[in-house]
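Asker: This is what each chain is made of:
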Amino acid sequence: MKTDTKKITLSAVMTAFALVLSYVELLIPPIWSAVPGIKMGLPNIVIIFLLYKLSFMYAFSVSIIRTFMVALLFGNVLSLAYSISGAVLSLGIMWLLKKTNLFSTVGVSIAGGVFHNLGQIITAIIIMQTKEIGYYMIVLIPSGIIAGIFVGLAGVFFIKYSNNIKMI
Amino acid sequence: MSAKSKKIRNDILLCVVILVVALISFLIFKITMKDGSYAVVLIDGEEKYRYSLSENGEHLIKNGEFENLLVIKDGKAYVSNANCRDKICVSHRAVSSTGENIVCLPHKLVVSIKTKGD
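Quick note, the sequences are listed as chains E and W, same order. Going left to right, the first sequence walks through residues 1 to 168 as the numbering used here numbers them. Going left to right, the second sequence walks through residues 1001 to 1118 as the numbering used here numbers them.
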């Protein structure tokens, strides 16, 4: 039986884990040099884990906290705008799809990945004031799907093996 | 069908839908494209310079510490050098059609191809 204390503690540890994943992500050099700022979304492994293991509220709280801390530690206000839009949109669609119970964890993660990139494109369009940035969609959406698959699979393994640990 | 394979089937459907929507919007973009006439330089969303694609030339775009070297050659525009960290703008291929852009996010710079009407 999971007490609130256990849930909060687990979320706190997961927040730290998400922070580390964000940092690791920043170390990876941008591969698809056609599009700036393309990121795999590794911290979403944590978000998916919390969404399925605990509840939306915990996933949401950790997501917000993580976004602000990453911006404070490793970024600036501009990166915060991109991160927040990506995080909010992706978590929103993931929560919606999970509620319908029509998709598997990986499917939910795929949608999350796509909407994460979508949020970043929309923010870029607003900030740069040119709608032609929408051209990048043709690259970012498939990569969002691929990232979503990878993150989703990692999340599934994470959840499955965490069930063996009595503490959480 | 078991509940699980139904979900997986829905996942694949979801992917297909997403890809189709992305493809359609991309095709709509492409179809409304014409050969451009100008390379418009936007800094922070405001048009600062406009260069005709028919006139070859090199233009150093300076915005404080930010420098990008815009080259117009043979009806195309590209960035040959810049002092940003990632130099994504430099590795971008030359653009020539309306709507195509070269973006340097750290410098808030967009080189956008537009026609006479814009």
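Worth flagging that the hints you see were computed from the coordinates, not collected in a lab. We put the CB at the ideal spot given by N, CA and C, even for glycine. Possibly wrong hints are sitting among the right ones.
[Said to hold, decoys possible] Partial list, derived from the structure: chain E residues whose beta carbon lies under 7 Å from chain W:
1) 72
2) 74
3) 77
4) 96
5) 100
6) 107
7) 141
[As the list claims (entries may be wrong)] In silico lysine-lysine, DSS-like type, Cα no more than 27 Å apart, as pairs:
8) E/98 with W/1108
9) W/1073 with E/39
10) W/1108 with W/1087
11) W/1108 with W/1062
Asker: Run every hint past the structure and note whether it holds.
Answerer: Results for each hint:
1. 72: violated (19 Å)
2. 74: Violated: closest Cβ of chain W sits about 14 Å from residue 74 of chain E, beyond 7 Å.
3. 77: This hint is violated: residue 77 of chain E lies away from chain W, its Cβ roughly 13 Å from the closest one there, beyond 7 Å.
4. 96: Check failed: Cβ of residue 96 of chain E comes no nearer than 12 Å to chain W, outside 7 Å.
5. 100: Because about 9 Å separates residue 100 of chain E from the closest Cβ in chain W, which is outside the 7 Å limit, the hint is violated.
6. 107: holds (3 Å)
7. 141: Because about 4 Å separates residue 141 of chain E from the closest Cβ in chain W, which is inside the 7 Å limit, the hint holds.
8. E/98 with W/1108: Violated. Residue 98 of chain E to residue 1108 of chain W sits at ~37 Å, over the 27 Å cutoff.
9. W/1073 with E/39: violated (33 Å)
10. W/1108 with W/1087: Between residue 1108 of chain W and residue 1087 of chain W the Cα gap is close to 13 Å, so the pair holds against 27 Å.
11. W/1108 with W/1062: holds (12 Å)
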